[in-house]
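Engineer: Taken in order, these protein sequences are the chains called B, L, V and S.
Taking my numbering, I'd label the letters of the first sequence as residues 1043 to 1345.
Taking my numbering, I'd label the letters of the second sequence as residues 1043 to 1345.
Taking my numbering, I'd label the letters of the third sequence as residues 1043 to 1345.
Taking my numbering, I'd label the letters of the fourth sequence as residues 1043 to 1345.
Calculated from the structure, these hints are not laboratory results.
Some hints could be false.
One copy or two, either will do: identical chains are not told apart, so a pair holds if it fits within one copy or between any two.
Dumping the calculated DSBU-like pairs for lysine-lysine here, alpha-carbon to alpha-carbon at most 30 Å [to be verified]: (1) Lys-1106 - Lys-1338; (2) Lys-1296 - Lys-1106; (3) Lys-1087 - Lys-1106.
4 protein chains.
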Amino acid sequence: MRQIRTDLAMEQTGARDLPGVTISSWEAGDIVITEVRIDTGEGAKLLNKAPGVYVTLECAPLRKQGPELRIAMASLLGEELLRLMPPEDDRPVLVIGLGNRSVTPDSLGPKTVERTLVTRHIFRELPDSVDDRMSPVCAVAPGVLGVTGIETLEVAHGIVREVNPRVVIVIDALTARASSRVGSTVQLTDTGIQPGSGVGNHRSALTDETLGVKVLALGVPTVIYAATIARDALSMLSEDDGTREEELDHLCEKLFEGALGEMIVTPREIDDLVGDVAQILASGINQALHPGLSEKEILTMMS
Amino acid sequence: MRQIRTDLAMEQTGARDLPGVTISSWEAGDIVITEVRIDTGEGAKLLNKAPGVYVTLECAPLRKQGPELRIAMASLLGEELLRLMPPEDDRPVLVIGLGNRSVTPDSLGPKTVERTLVTRHIFRELPDSVDDRMSPVCAVAPGVLGVTGIETLEVAHGIVREVNPRVVIVIDALTARASSRVGSTVQLTDTGIQPGSGVGNHRSALTDETLGVKVLALGVPTVIYAATIARDALSMLSEDDGTREEELDHLCEKLFEGALGEMIVTPREIDDLVGDVAQILASGINQALHPGLSEKEILTMMS
Amino acid sequence: MRQIRTDLAMEQTGARDLPGVTISSWEAGDIVITEVRIDTGEGAKLLNKAPGVYVTLECAPLRKQGPELRIAMASLLGEELLRLMPPEDDRPVLVIGLGNRSVTPDSLGPKTVERTLVTRHIFRELPDSVDDRMSPVCAVAPGVLGVTGIETLEVAHGIVREVNPRVVIVIDALTARASSRVGSTVQLTDTGIQPGSGVGNHRSALTDETLGVKVLALGVPTVIYAATIARDALSMLSEDDGTREEELDHLCEKLFEGALGEMIVTPREIDDLVGDVAQILASGINQALHPGLSEKEILTMMS
Amino acid sequence: MRQIRTDLAMEQTGARDLPGVTISSWEAGDIVITEVRIDTGEGAKLLNKAPGVYVTLECAPLRKQGPELRIAMASLLGEELLRLMPPEDDRPVLVIGLGNRSVTPDSLGPKTVERTLVTRHIFRELPDSVDDRMSPVCAVAPGVLGVTGIETLEVAHGIVREVNPRVVIVIDALTARASSRVGSTVQLTDTGIQPGSGVGNHRSALTDETLGVKVLALGVPTVIYAATIARDALSMLSEDDGTREEELDHLCEKLFEGALGEMIVTPREIDDLVGDVAQILASGINQALHPGLSEKEILTMMS
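Just chain B, with the same shape it has in the complex (with noise of 0.2 Å):
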């Protein structure tokens, strides 16, 4: 199956029994939880992805639903990440939003940390206006490297090194296998963000080891490669007549050569879905982050 790509460790399980990996799941109102947890070498390579924990949040396409699914969703991912953060000490905690802002189903961590509360200058300078409900926090979104000439490792390194944050948490857009998974399930992993993973294909890690820190990772997938939709296309057929696994790989190579291999698959109404993911992504880390203060005190601070 070489060429179904994703970056959710849930669509790789499948209904398997598999070593190394254990799986539970659970309900909260209309939201499942799916947690994979990767024990082993093994188990990492048979998913391909890093041993560590990822929690799943899935539930029914947002767009069609109303606001009382999106809190929910924020009030959820607000305690699944309180769950994987390291305690709480003086140092700041670093929200970096990969992905270039100027191309829509990649801009989803640029505009998560337009949406993050952020309150580290206000702790260093103005001590007395804040209080015990509050962490300090500080954000950034450092570009791409065709846009920047940068290595977004280098940046994240270098803006470490100047803040010595307790933890990391990298917000990147992702990819899916399944079209109803676009825009519905976030991610969040204590692996960190992997060489080759999301939309903007990341080319170094971010993780415990590159940076010196605890990294978190929280994605939601905003896009599916064309040919993973062409190749589920031919495994569908193949399930009928029994075609080959690596004719139908030299198929799709062929029906990939030109410009449809470049080419992502999107909900139409992408730009507002984005914005709408942002902001629940933003909501949740604002809630893990200042857990003392209500949703109105919030968005008062950040007009």
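Here the structure of chain B is known, so what remains is to put chains L, V and S in place on it, guided by the hints.
Structural biologist: Only chains L, V and S this time, still in chain B's reference frame:
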């Protein structure tokens, strides 16, 4: 081939000899011009397009070319547009940009309108400051039904009654079958806009009949439907093993039952691409409508 | 006071008793409502405004307040709007957003239209899916003369003929005299739009007479003219030393001969401010036109 | 003259002979070049600017000119920039765009960065595809303190440590005193960015000392402070009647107690103006850093 959808007449023709259809093709530098002329109802039925002339300008992918190709495309488009225009008189030309400016691949029309040199108000208010090399032009982007609650035809009809144009030029984002044509092929037709066409799936016709004035339509594909790609993948396979058409259609329907059916396939860099293509279309229109003005004079008047 | 320019009737009144003008004022929570009623031609001349009712809602600067004040403003605006609306019948309401969407302080109208719930097409196509709590609404942003070559009045007139509304609500960005009112004061009037008003300096009237239907206008100041500020500075000085009015006007003319005359004064955060104000106006309109729908239902229908 | 604020050294000089300050001026076509050289601490104190060279390119209002003037400005800027640049070596040039991309008049830096040709990654990864006519360039827009919670200096410092540039070029939106200079005057200096300068009021210096590498700064005024205009109006009056400076300052303070103090004065068409100016700055930078490439080659590489 029911699942395949394209707004390009030339993609419907294939390598067949079709009754009631005349196809001719020639080259101008790196650009291939194809003219499909549908002369009879039989031809219209075969191609599923209204009778009339469809001129297509095709070039290599714009994003990988230098500025000369864009200049050449604009210039050739200006010439072809002039060829289809009714004779000049005192009445203005009305340019209408269809589509939703907040949906990137559907925003080609509004973005072209923004770059079109409008002069009708100068002809009316400062007649001494215009000269023979210019003609009166006005331009609107009426928005889409879901955003305005008004059919595009209603807005267009209302404005046509007010400004009494000698010709309407409608700009629209199209769908294609071949990914290589996205962003690099311009179609010009004297048949106007037909129901169901375009990325936005217009529901009413904008034609000589509905608007009571000559209507030309100008468009560039910005998306392929996800279903088209899957169907093409299936077709390729079936050429090898003889699967029947109905079976493929059935498989395709199964594949597109859910969210996938509403998804579109675009180049990753669609935001920039739409801007570039809008500039080419507007430049072609400006050259056709103000044939005596240099590109530099047009730029100066627009800044 | 020739160099002073404001679109707010209440800023013209001063602390004077004016013949033909009735002024009343009351409070609702943190919001001050002022009603200026111009009953005679004499009053109209004194205030340089058309006869009719001007209702102003004033609050503290929005950017420094929490979400409750915005909710209260929208709710109060909805009530005041209802008070001026003609009785309901089967015809739709037409909302027209004036101004240039590419000029931030002039983009209030188009941005309000984007956030208005339109329903006319649902009433026509899916009558079973609407209910008593809703009314048919359509909305357009016709663009400005310099961009379209068509007078706003021409576009509005053409659309009014097509959709036959029972009332037109026109939204526009205004100019003020006092900086404290920029972004924080809403004016609602039954006199429509007068020539020369608004940030965009509309040249034709949009009124009951020109459109043949009841016209309400809704606006918020987003700019002050640079000349107004300089003139106020000069006036302040002249109060101290008795410089004559004509002398001040002469000085002001000298000061504004060059580029300064075309400059506007806005809050630094005008981009965000216009978005926030558009949301309040749209929310007020939505509540007035669909009085039975909850804010949550409206949000769900718009996503 | 305490209420007057400008970032242009040339606006500080007046028609005076100042000790420790050398001023020279010459013309190149329609462009006036002025060089202010502050040689001593005394001169620095007199002009309230750091010692160093300030080169200003002034032209007529861009918005009313044709494309040639823009081409001439970019070309001259490239030459002046080269004159101040340290000798070339293997290290890259780092371009830093200051300011808030969501605040139009403050977005000049980020917008210039978007239009700058970056090549550092190509030099590193595809060294065979670059040639002598190019040099390695990287570029970032670090965001502003209120949005990121991180001082611009901290981000800049972190990135400088990672990429080890031979020179940093900082781009910033400036304030002016004379409205005729808004959008039409470029200032280039070898003194870097001083605290309190720019539309965004940067609080830390970005200089040779703070970054440990040569820093050039490039800026264009996009706003005037409202207070400057009022103060100029008052001064004009006082020339006539001899009002004392202290009295004027007192009046000005009274005038600017409220919201007005935070307001800015910009041309109405600031959105377009910032885009045009960013294009000129980026074009000048591209010509200085890749002196062998034609404008056409640069455009092709950027698309």
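Engineer: Would you mind marking each hint as holding or not holding in the structure?
Structural biologist: Status of each hint after checking the structure:
no.: 1; hint: Lys-1106 - Lys-1338; in the structure: both (25 Å within a copy, 13 Å between copies)
no.: 2; hint: Lys-1296 - Lys-1106; in the structure: between (37 Å within a copy, 22 Å between copies)
no.: 3; hint: Lys-1087 - Lys-1106; in the structure: neither (37 Å within a copy, 38 Å between copies)
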